[in-house]
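K.L.:
Given the coordinates of chain A, work out where chain B should sit on it, guided by the hints.
Letter by letter, the chains look like this.
Number of protein chains: 2
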Amino acid sequence: MIEVEIKGYADRSLKKLLDERYKVADVRLQEDIYFSHPCRDMRQTDEALRIRVERRKKEEVASLTYKGPRVDEKSKTREEIEVGITDPRGLKMILERLGFRVIAHIRKRRTIYSTEGFKLSFDEVDGLGCFVEVEEKVKSLKGYQERRDKLLNFMKDLGISRLERRSYLELMLDKLTKG
Amino acid sequence: MIEVEIKGYADRSLKKLLDERYKVADVRLQEDIYFSHPCRDMRQTDEALRIRVERRKKEEVASLTYKGPRVDEKSKTREEIEVGITDPRGLKMILERLGFRVIAHIRKRRTIYSTEGFKLSFDEVDGLGCFVEVEEKVKSLKGYQERRDKLLNFMKDLGISRLERRSYLELMLDKLTKG
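Going down the list, the protein sequences come from chains A and B.
For the first sequence, my numbering begins at 8 and goes up steadily by one.
For the second sequence, my numbering begins at 8 and goes up steadily by one.
Chain A with its partners taken away, still in its complex shape:
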């Protein structure tokens, strides 16, 4: 499976448009904590380690995610291993004892819309602004290009012209280092 994922800069007024056009499937408050490795520059190796605590309607769900290096220049395809955890605070303590350090906190409010065939969400990210993300899983590279073009057109129709390939973590780290 290949993941087609496109992200673009948006403003709050676009959320109104999406709210009118689509049904809101879910609103999630996501708090992501990213860690540095005790002896490996994960920015160089293009890896990431994250604890996510997600507040949904009534429940709180937490997970630990490892993201491997992106496999090519053109897509964001990468290995992702995610496991559910019951005690994010305890796991953070264990990681810190092992020499991992918190490098970024990313908090966002993600509104997920009901759409057919692809995932559509509006992200309000603390300190970074608003983004629209579309995502779809396809089986082959041929299907990949076709779907990518369709999703690109979808973004264009929404009036989104500025796309962003960097992850929120990269955007946050770039902001922190460049000021």
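Don't read these hints as lab results, they were simulated from the structure.
Check the hints yourself; a few may be wrong.
Pair by pair, the computed Cβ-Cβ distance ranges are [stated by the list, open to error]:
| # | chain 1 | residue 1 | chain 2 | residue 2 | range |
| --- | --- | --- | --- | --- | --- |
| 1 | B | K22 | A | E177 | 51 to 61 Å |
| 2 | A | R114 | B | R114 | 57 to 67 Å |
| 3 | A | G134 | B | G134 | 45 to 55 Å |
| 4 | B | K65 | A | P76 | 48 to 58 Å |
| 5 | A | R173 | B | Q152 | 23 to 33 Å |
Negatives, chain B to chain A, calculated, CB over 12 Å [unchecked claim]:
| # | residue |
| --- | --- |
| 6 | R28 |
| 7 | V31 |
| 8 | L158 |
Nothing here was measured: the structure is a model prediction, and the numbers come from that model.
Beta carbons: idealized from backbone N, C-alpha and C, even for Gly.
P.N.:
For chain B alone, kept in the frame of chain A given last:
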């Protein structure tokens, strides 16, 4: 809280005696996977990282545990942080991606007896033999010595003369390195 813990070598015939004297509270099959750190000699720093999968009567429970260095020479007191996990295989993969390596598998069958005031268990450890472990938590160092002597007497009464301060991990690693 201070943990008083004494472990001694036993043989299978002792289990019969314990079965007669005490009620079996639980039997647990524990499979422990210990990891080495990507850039720290945890044997030198006296730390340990373990994934445990425990099969109880009907359920399977898994956890991740970090053990810090023992704080003094005389007791086994050390920081221990344990969190519940839902996917031990996934977490093992994440740890391996981060450079942690499996250094030992320790499988044991732990029989836990109902006793008053302290924990009593009989461990049958694959490749290491049988052990009796007694454990009690006390509030002060004064209480500690008194309880330790009482537990030492308890072991003596059972006919256990050879005590062992090393953890199962240390015993296994010593066995593996010394052959």
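K.L.:
Looking back at the hints listed earlier, which ones does the structure fail to meet?
P.N.:
2, 4, 5
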